[in-house]
Amino acid sequence: MATKTSKIKVQDLKLWYGDFQALHGLDLEVPEKKITAFIGPSGCGKSTFIKTLNRMNDLVENCRIEGKVELDGKDIYGSKTDINQLRKKVGMVFQQPNPFPKSIYDNIAYGPRTHGIKKKAELDEIVERSLKQAAIWDEVKDYLDRNALSISGGQQQRICIARALAVEPEVLLMDEPTSALDPISTAKIEELVSQLKQDYTIVMVTHNMQQASRVSDETAFFLNGHIIEHADTRKIFTNPDQEETENYISGRFG
Amino acid sequence: MGSKFLRGLVYLASAITFGMLGYVIFFILINGVRYLTPDLFAWKYNSSNVSMMPAIITTLYLVGGTLLIATPIGVFTGFYLVDYANRKNPIVKAISMATDTLAAVPSIVYGLFGFLFFVTFLGFQFSLLAGILTSVIMALPLIIRATEEALISTGRPIREASYALGAGKLRTIFTVVLPVAMPGILSGVILASGRVIGETAALLYTLGSSTNLPSSVFSSGRTLALHMYVLSSEGFHVNEAYATAVVLLLFVLILNGLSTLVSSRLSKGGK
Numbered sequence: 001m002a003t004k005t006s007k008i009k010v011q012d013l014k015l016w017y018g019d020f021q022a023l024h025g026l027d028l029e030v031p032e033k034k035i036t037a038f039i040g041p042s043g044c045g046k047s048t049f050i051k052t053l054n055r056m057n058d059l060v061e062n063c064r065i066e067g068k069v070e071l072d073g074k075d076i077y078g079s080k081t082d083i084n085q086l087r088k089k090v091g092m093v094f095q096q097p098n099p100f101p102k103s104i105y106d107n108i109a110y111g112p113r114t115h116g117i118k119k120k121a122e123l124d125e126i127v128e129r130s131l132k133q134a135a136i137w138d139e140v141k142d143y144l145d146r147n148a149l150s151i152s153g154g155q156q157q158r159i160c161i162a163r164a165l166a167v168e169p170e171v172l173l174m175d176e177p178t179s180a181l182d183p184i185s186t187a188k189i190e191e192l193v194s195q196l197k198q199d200y201t202i203v204m205v206t207h208n209m210q211q212a213s214r215v216s217d218e219t220a221f222f223l224n225g226h227i228i229e230h231a232d233t234r235k236i237f238t239n240p241d242q243e244e245t246e247n248y249i250s251g252r253f254g
Numbered sequence: 001m002g003s004k005f006l007r008g009l010v011y012l013a014s015a016i017t018f019g020m021l022g023y024v025i026f027f028i029l030i031n032g033v034r035y036l037t038p039d040l041f042a043w044k045y046n047s048s049n050v051s052m053m054p055a056i057i058t059t060l061y062l063v064g065g066t067l068l069i070a071t072p073i074g075v076f077t078g079f080y081l082v083d084y085a086n087r088k089n090p091i092v093k094a095i096s097m098a099t100d101t102l103a104a105v106p107s108i109v110y111g112l113f114g115f116l117f118f119v120t121f122l123g124f125q126f127s128l129l130a131g132i133l134t135s136v137i138m139a140l141p142l143i144i145r146a147t148e149e150a151l152i153s154t155g156r157p158i159r160e161a162s163y164a165l166g167a168g169k170l171r172t173i174f175t176v177v178l179p180v181a182m183p184g185i186l187s188g189v190i191l192a193s194g195r196v197i198g199e200t201a202a203l204l205y206t207l208g209s210s211t212n213l214p215s216s217v218f219s220s221g222r223t224l225a226l227h228m229y230v231l232s233s234e235g236f237h238v239n240e241a242y243a244t245a246v247v248l249l250l251f252v253l254i255l256n257g258l259s260t261l262v263s264s265r266l267s268k269g270g271k
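These protein sequence lines map, in sequence, to chains A and B.
Each residue of the first sequence is one higher than the one before, starting from 1 at the first, in this note's numbering.
Each residue of the second sequence is one higher than the one before, starting from 1 at the first, in this note's numbering.
Any given hint might turn out to be false.
If the Cβ cut is set under 10 Å, some of the chain B residues that face chain A in the computed set are [to be verified]: (1) 54; (2) 163; (3) 167; (4) 179.
In silico lysine-lysine, DSS-like type, Cα no more than 30 Å apart, as pairs [what the hints assert, rightly or not]: (5) A/89 / A/68; (6) A/119 / B/169; (7) A/33 / A/74; (8) A/68 / A/9; (9) B/44 / A/80; (10) A/89 / A/14; (11) A/235 / A/68; (12) B/44 / A/14; (13) B/169 / A/118; (14) A/9 / A/80; (15) B/169 / A/9; (16) A/197 / A/14; (17) A/33 / A/188; (18) A/89 / A/188; (19) A/89 / A/141; (20) B/88 / A/14; (21) A/68 / A/33; (22) A/197 / A/141; (23) A/80 / A/34; (24) A/197 / A/118; (25) A/132 / A/120; (26) A/89 / B/169; (27) A/89 / A/9; (28) A/74 / A/14; (29) A/89 / A/197; (30) A/68 / B/169; (31) A/9 / A/197; (32) B/169 / A/120; (33) A/34 / A/14; (34) B/169 / A/74.
The set of hints was computed from the structure by calculation and includes no laboratory data.
The C-beta atom is built at its ideal place from N, Cα and C for all residues, glycine as well.
Whole structure, please, built from the sequences with the hints as guidance.
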């Protein structure tokens with residue numbers, strides 16, 4: 001196996017919602033330009049954890065975080081971090097497709113406009129490139145001024161992926177991106193994700209174990225706010241070290 | 001059997017509602033339209049033509065002035081309550097309760113307050129200014145409430161999407177949340193203007209009831225509703241009061257039509 005460099009390095013991360021501790025001292029390294037999948041039963045902390053990587057948990061009241069999350073060796077919870085720049089670098093796709101109620105074009109152009117790109121030609125170019133990257137250009141190129149809410153859920157989710165790619169992130173976080181979609185849309189998105197790893201570091205939360213085994217390079221198994229096991233996906237699904245992992249992937253709980 | 005009975009009740013209830021509304025409109029039109037003479041729209045009021053022209057213009061002044069002050073304050077308060085304040089903070093709860101209470105206070109109380117505070121204490125006399133400020137206090141809770149509800153109903157997902165792209169709070173609010181919330185906010189503003197247009201008790205003590213066109217914010221005047229009230233209570237010009245009611249009705253209809261038009265336009269656009 002090729003040598004890998006870590007894009008994100010998490011050390012002893014603890015997180016509380018009020019008095020409830022949701023994450024208990026997690027350590028994890030996310031390899032660059034690979035797909036890392038988080039699996040585990042509901043409420044195990046995987047979604048909470050993924051949101052600490054672009055500081056979306058800052059929006060949650062009473063949420064307290066301790067520990068270190070380094071992106072390219074810099075602590076994102078340090079006092080010098082510009083949150084908006086961080087979120088530009090670490091993009092996110094959510095569980096429910098959440099396009100803005102604007103035209104498809106304006107959805108994609110929103111991010112670049114936010115970061116100061118105003119020229120029409122440049123925006124046109126970004127919109128086309130992002131939609132192509134998200135494998136939806138051919139389906140929507142003639143309807144760019146149509147409201148993004150008027151297309152199907154699967155297409156909306158790919159619009160959301162294109163929107164995230166338009167700001168040229170380095171990392172893409174995906175929080176159960178296909179759980180609200182039909183099997184065909186899911187397949188399309190899985191294929192898309194596999195292609196995207198050439199250029200992006202991808203972290204994906206999924207409830208669907210087949211999905212994790214199909215698309216990811218590494219898998220981390222979460223349980224009750226702990227990472228039980230983190231290894232090559234093939235190893236996790238064929239020969240896990242921990243009994244809990246074995247139980248989970250063989251469907252004995254969760 | 002039971003469902004048929006229920007359906008009957010529903011039909012009956014809606015028939016009563018529409019029937020009453022229809023009857024009121026019909027009654028006003030029958031009694032008012034034939035007294036709509038050119039004289040009633042003369043530029044200057046005198047006791048023989050009882051023109052409502054000054055009242056129409058005063059109404060526009062009053063509603064315009066009220067919205068000019070109350071809309072920004074109300075909308076920003078709504079934004080503060082939803083997007084900035086901590087919902088569990090006791091001060092925020094107090095503000096919410098205060099707005100709800102204000103919305104339920106009878107208008108005569110506002111009138112008395114306006115009279116004591118603006119007219120007497122601040123020395124504005126019976127004036128457009130005193131009338132506008134009093135109406136602002138009445139309009140504010142409606143606008144705040146509507147803004148709050150509209151903002152809450154836009155939901156978390158589109159806000160998260162915007163933040164996740166690296167947009168700040170202001171950009172998120174103005175370019176993503178506001179366009180979505182606009183129709184709701186606007187309907188609150190329309191509701192507020194409706195309340196001000198229909199108001200008499202609060203204005204009688206603050207705006208006064210001068211029949212002249214106000215020449216400045218410090219001169220007294222009367223709105224259409226007030227004009228109608230005075231005409232009918234004096235008893236000499238009941239027919240003209242009905243004619244005034246027709247115009248008032250038209251005002252409200254136009255306002256409603258306009259709001260529907262504007263909100264459908266707004267919810268389409270937004271970059």
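Exercise. Compare the distance between the alpha carbons of residue 119 of chain A and residue 169 of chain B with 30 Å, and conclude whether the hinted pair is satisfied.
Key: Satisfied, since the Cα-Cα distance of roughly 24 Å is no more than 30 Å.
Quiz item: Going straight from one Cα to the other, do residue 44 of chain B and residue 80 of chain A come out at no more than 30 Å?
Solution: 69 Å, violated
Quiz item: Taking only the CA atoms, is the gap from residue 68 of chain A to residue 9 of chain A under or equal to 30 Å?
Solution: 8 Å, holds
Practice problem: Take a quick look at whether residue 132 of chain A and residue 120 of chain A sit within 30 Å of each other, Cα to Cα. | Solution: Holds, at about 18 Å.
Exercise. With a cut-off of 30 Å on the C-alpha distance, tell me whether residue 89 of chain A and residue 9 of chain A pass.
Key: With Cα atoms ~15 Å apart, residue 89 of chain A and residue 9 of chain A stay inside 30 Å; holds.
Practice problem: Verify the proposed pairing of residue 80 of chain A with residue 34 of chain A, using a straight-line Cα cut of 30 Å. | Solution: 28 Å, holds
Quiz item: Is the hint on residue 179 of chain B kept, meaning its closest Cβ partner in chain A is under 10 Å away?
Solution: 7 Å, holds
Quiz item: Taking 30 Å as the top limit, are the C-alpha atoms of residue 68 of chain A and residue 33 of chain A close enough?
Solution: Since the Cα atoms of residue 68 of chain A and residue 33 of chain A sit roughly 21 Å apart, the hinted pair holds (cutoff 30 Å).
Quiz item: If you draw a straight line from the CA of residue 89 of chain A to the CA of residue 68 of chain A, is it 30 Å or shorter?
Solution: 18 Å, holds
Practice problem: Below or equal to 30 Å on CA atoms is what counts here, so check residue 33 of chain A against residue 74 of chain A. | Solution: 18 Å, holds
Quiz prompt | Straight-line alpha-carbon gap residue 197 of chain A to residue 141 of chain A, limit 30 Å | solution = 24 Å, holds
Quiz item: Would the pair residue 74 of chain A and residue 14 of chain A pass a check requiring their Cα atoms to be no farther apart than 30 Å?
Solution: 18 Å, holds
Checked against the numbered hints given earlier, this structure breaks hints 1, 9 and 12; the rest are met.
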